[in-house]
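> Line by line, the protein sequences are chains A and B. Mind the numbering: the first sequence is residues 221 to 283 in our numbering, read in order. Mind the numbering: the second sequence is residues 8 to 331 in our numbering, read in order.
Everything labelled a hint here was simulated from the structure, so no lab data went into it. Hints are supplied without guarantee of correctness; some may be wrong.
[Said to hold, decoys possible] Distance condition first, Cα-Cα at most 27 Å in a straight line; then the derived DSS-like pairs of lysine-lysine:
#: 1; chain 1: A; residue 1: Lys272; chain 2: B; residue 2: Lys167
#: 2; chain 1: A; residue 1: Lys270; chain 2: B; residue 2: Lys37
#: 3; chain 1: B; residue 1: Lys10; chain 2: A; residue 2: Lys279
#: 4; chain 1: B; residue 1: Lys160; chain 2: A; residue 2: Lys272
Small disclaimer: the values here were computed from a predicted structure and weren't measured.
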Amino acid sequence: MASADSAAHPFLVYGVNMMNRRKFLKLVLLGGIFSLFSRKVKAERKPEQKLKEAMFWRKLDNE
Amino acid sequence: MIKRVQCELCPNECVLENGQHSRCRARMNKDGTLYSLVYGKPCAVHIDPIEKKPFFHFLPGTTAFSIATAGCVLSCKFCQNWQISQANPEETDNYDLPPDKVVSQAIAYKCKSVTYTYTEPTAFYEYMYDTAVIAKKHGVKNTMHSCGYIKEKPLRKLSKYLNAADIDLKAFTEDYYNRICSGSLKPVLNSLVVLKEEGVWLEITNLVIPTLNDDMKNIKEMCKWILNNLGPNVPIHFSRFFPNYKLNNLPPTPLETLIEARKTAMDVGLKFVYIGNIRHEGENTFCPKCKKVLIERIGYFVKQNNISNGKCRFCSTSIPGVWS
Chain A
221 MASADSAAHP FLVYGVNMMN RRKFLKLVLL GGIFSLFSRK VKAERKPEQK
271 LKEAMFWRKL DNE
Chain B
8 MIKRVQCELC PNECVLENGQ HSRCRARMNK DGTLYSLVYG KPCAVHIDPI
58 EKKPFFHFLP GTTAFSIATA GCVLSCKFCQ NWQISQANPE ETDNYDLPPD
108 KVVSQAIAYK CKSVTYTYTE PTAFYEYMYD TAVIAKKHGV KNTMHSCGYI
158 KEKPLRKLSK YLNAADIDLK AFTEDYYNRI CSGSLKPVLN SLVVLKEEGV
208 WLEITNLVIP TLNDDMKNIK EMCKWILNNL GPNVPIHFSR FFPNYKLNNL
258 PPTPLETLIE ARKTAMDVGL KFVYIGNIRH EGENTFCPKC KKVLIERIGY
308 FVKQNNISNG KCRFCSTSIP GVWS
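All chains should be built: construct the whole structure from the sequences, respecting the hints.
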């Protein structure tokens, strides 16, 4: 059976060992502070533009 | 209920079921009403020398605020702008530029005219018409470069606001128009006559393509028709072809062919015959009387202009055109 530090899961083992709780919280806190300075994206739906009726045409089925 | 409509703008006369698009791709039947899909949505906006259109007898040395939307009423196999002319409006990158903004931008950039060009202005007729009305009110001139494939009624309506038109007379046979452009010649000839009648300044461009329309007999016939129906003062531009779109198998037009076409046209009696898309003295305007150079051009740029108050500076011969 493959152990946790075997070549089969190198990234998982590396990632878990590198970040402790304090570092994680520091990162979250920094992210929160930076987000305060960033521009807010307005996720609004653009109002649908009215189409312009064409000139020079006629209806056929009312004839 | 079936809600069919028929477009009456160009000779294609598309009959459209609900939800169908016109052949020019710029119009759509939506619940029994025909809409323009390109109104205020140009995909090309540029400031060009007026000589690029080409207009050689219309405000030389000025700039034209040039716009186009996607779509064209023809589908020429040699189209130089096929990426936008043969595209649906949703396939191109479009600006949001309503007619009043076109005019205010043209004024801001000191353009003497707004030109409807690159693709086919008929495909964006409503946009062109509304823009032309506003431009005229503000003293900005209106010009178009068109294939002339439009019905008489809309052309006459537009002509009231149009100062100049450059019409592509692509060849002088129905066969060429059918096979190469998927159109027909007769409506184009009619448009030329209508524009002349309406007093719109007219210039003609003929793209000379090796083996397809470079037969001098046909060119002579075309020039005779121009002389008899439009007069000797209509400038004609014989333009050099470069391989493009579906005609990549043909070579560029040899200079000798263009020179021969120019000579043929001048022998017929046309007074202002030019060669385009190549550097040659045929780019210049010569006085028909004293033969001196009136306007010397290098490509699209005017090097010298010897026309003063519409007359030759050397012999005072009146030169037809719009000079101020």
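> Please work out if Lys160(B) and Lys272(A) have their alpha carbons no farther apart than 27 Å.
It holds: about 20 Å lies between the C-alpha atoms, which stays within 27 Å.
> For a C-alpha distance cap of 27 Å, please report whether Lys272(A) and Lys167(B) respect it.
holds, 22 Å
> Hinted pair, alpha-carbon criterion (27 Å max): Lys10(B), Lys279(A). Please report holds or violated.
holds, 7 Å
> Is the Cα-Cα distance between Lys270(A) and Lys37(B) 27 Å or less?
holds, 12 Å
Checked against the numbered hints above, the structure violates none of them.
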